[in-house]
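Using the sequences and the accompanying hints, generate a full structural model.
Listed here are the chains, written in short residue letters.
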Amino acid sequence: MTFSPSERTEVLNGVENITNTILRFLSNAKNRISGCLDSIDPLVSIGVELSEKAAIDLKNRGVKVKHITEINKENIHHCKELMQVFDELRHLDGIKGNFLVSETEYLAIGFALHETKPVVQLVYSSIKTIVKQQQYIFDTLWNKAIPAEQKIREIEEGIKPEYFEVFTDRDRERVSQILFDLAKSVKKEALILLPSVKSLIRVDRLGLIDNVIMASQKGATVKIICPLSEENSNITRKIAEKAPGTSVLNGNNSPYGMYIVDSEKFLKADVKVPLAETFSEAIGFCIYSNSKISVESFRSIFDLLWNEHTLNEELKRADKMQTEFINIASHEMKTPTQAILGYSNLIQRHPEKRDEMLQAISRNATRLQRLTSDILDVTKIESKSLKLTLEKFNLNELMSDVVDDYRNEIEKSNSDVKLLHEPQKEIIQLEADKNRLGQVISNLLGNAIKFTKKGTIRVTGEIKDSKVLVSVKDTGQGIDPEIMSKLFSKFVTRSERGTGLGLFISKSIIEAHGGKIWGKNNDYNANSRGATFTFSLPLVRPGKAETGTGTATGDASKL
Amino acid sequence: MKEVMRTITRNQRILVVDDEPDLTTVFSMGLEDNGFKVDAFNDPLLALAEFKKGSYDLILLDYRMPNMNGFELYTEIRKIDDKVKICFITAFEIYYEELRKKFHLAYDNEDIKLIQKPIEIDELVRQIRGQLAS
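Residue numbers (this note's numbering), protein chains in the order written: chain A, 242 to 800; chain B, 20 to 153.
By construction, these hints were calculated from the structure, which means they are not laboratory data.
Quick partial rundown of chain B residues pointing at chain A, CB under 10 angstroms, derived from the structure:
{"id": "1", "residue": "Glu-39"}
{"id": "2", "residue": "Val-45"}
{"id": "3", "residue": "Phe-46"}
{"id": "4", "residue": "Asp-52"}
{"id": "5", "residue": "Ile-108"}
{"id": "6", "residue": "Thr-109"}
{"id": "7", "residue": "Ala-110"}
{"id": "8", "residue": "Gln-135"}
{"id": "9", "residue": "Lys-136"}
{"id": "10", "residue": "Ile-138"}
{"id": "11", "residue": "Glu-139"}
{"id": "12", "residue": "Ile-140"}
{"id": "13", "residue": "Asp-141"}
{"id": "14", "residue": "Leu-143"}
Ideal placement from N, C-alpha and C gives every residue a C-beta, glycine not left out.
And the structure:
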């Protein structure tokens, strides 16, 4: 069997011979020319041969020219020129070979260097089946390629090329590797949604957790949503110990896991075998991509889940606080009420103890009154309606007054505590809410007495760096490290008597004055430990210097 | 007959444990006025250290106390004396129900008497008598 006389395949050598063949090929083409070009030098392969004249000629005859090449930083300039000549240019990563196909003919061009001189060889074919095959190969590559404009923009703007890889369960090992590499690549942020209790154990085995812990230690934000239980608690403990900045929320089971890194890349892995021991055994269909739109949409799904869970936790916490408040407040209210009620019941039967009992009733009524005003203060603070009544006064006087009140109390209780305060002659002139500041000093002093069985409590006031510093230093049991971080939060107390409202209120009062309050344990020495609470107030209230008026402003409006 | 009555009342011994001195005073006086013999402690640890089997007919226990809460003290006392009647007296609103459930679970459905503060002395005496008679 032979081909028809017009169908043949030839191998051609020699520049002249080759140039002629190419030009003949170009002029033979009627509708289209499709070509693949090596990235190395698109111009060598076609630019020289396809002279401007030939290009104009093709255009005039209505022949459409489509080419695929690999566009990179080196050839981007040439490629832009080619875009002027060709009807359409596309980019494909790593494309090889130089060939041209028209409706009827096929050309493959081979280059080599022979002792620095380039040699060229050409394969020509007009055999229909070969032309058809090559056209099919071209079309397949063409469909995979992306427009040159897109690639050029990516290179010029430094955008990483977009990929969207889909894996089935045959590529499990590859996906494991991708996840591991993803975890290692975390720079700014890792958002991780894990589908089950077991999945945390699986990704930990893969090294993901250790890598995100390292990222977190270097300052990356790491958020994990995962169903939590006793089974995976050692991993959450490890995270909490090594990377306390990492947030782990208890989530629901889900049919897939999601890993979003630096808002750049994501992996979504469906779960096929929920109880599998390793990540690669567990996963099914997976998507790995850096597509901007996809990353963003997965991110927003994650954020949505995160916010929902956070809100949930907050509600739970608020609910717990509410319960705690009712419990403590009711305990604190009912205890003095019980005393008042009891003494009132007894007083008639025991006229000989009348005075003593009346005193006890009064003491308990005061306690009740104090609690009521504390609760009222908290309500005001929370509704942001705590107002200051400003007046000019000498802080040293106020301190002495408060200390004297407590000194009497200590003396009466025969306690083994010495209250040290040297009244200062110096006048510390303040414009502030005198009653409220008295309340703060009284709260700090009261706490010190409550937690100091014996030793000393020293109250001092001084001016330093245009600030007033007031300190209450005791030799008591010190601050329990467990509550150190939430010392000024509501209901935090180590006392069996008390609501845990005092420091919360004090902090709000000091902050309303533009000051700061803090507490710390004293340096340990053989004799005592104890704590020191200090607050600082600016000598000039913030805002006042600017307005230059004597009237109170903002939060400090008069009642 | 009068003699007999007095003997019975004299035998009714009550231990009160509450960290609030005002409340131990009030409860002790109120109960003593009604013929009970009362010992009172403000420190639960001290109460436990002094506790001897068979010394009391009933114990009135506060819940929220420093060093050892009422439930812990209850547990310790039960180890020493499994007969003495124990009444909790608490100012807690929500713990009331929680406590009831907790005791039910921990003590084989032993029904624990819970008295809520504040309570009038007469009512307290009435409830304690009822408990002692049961």
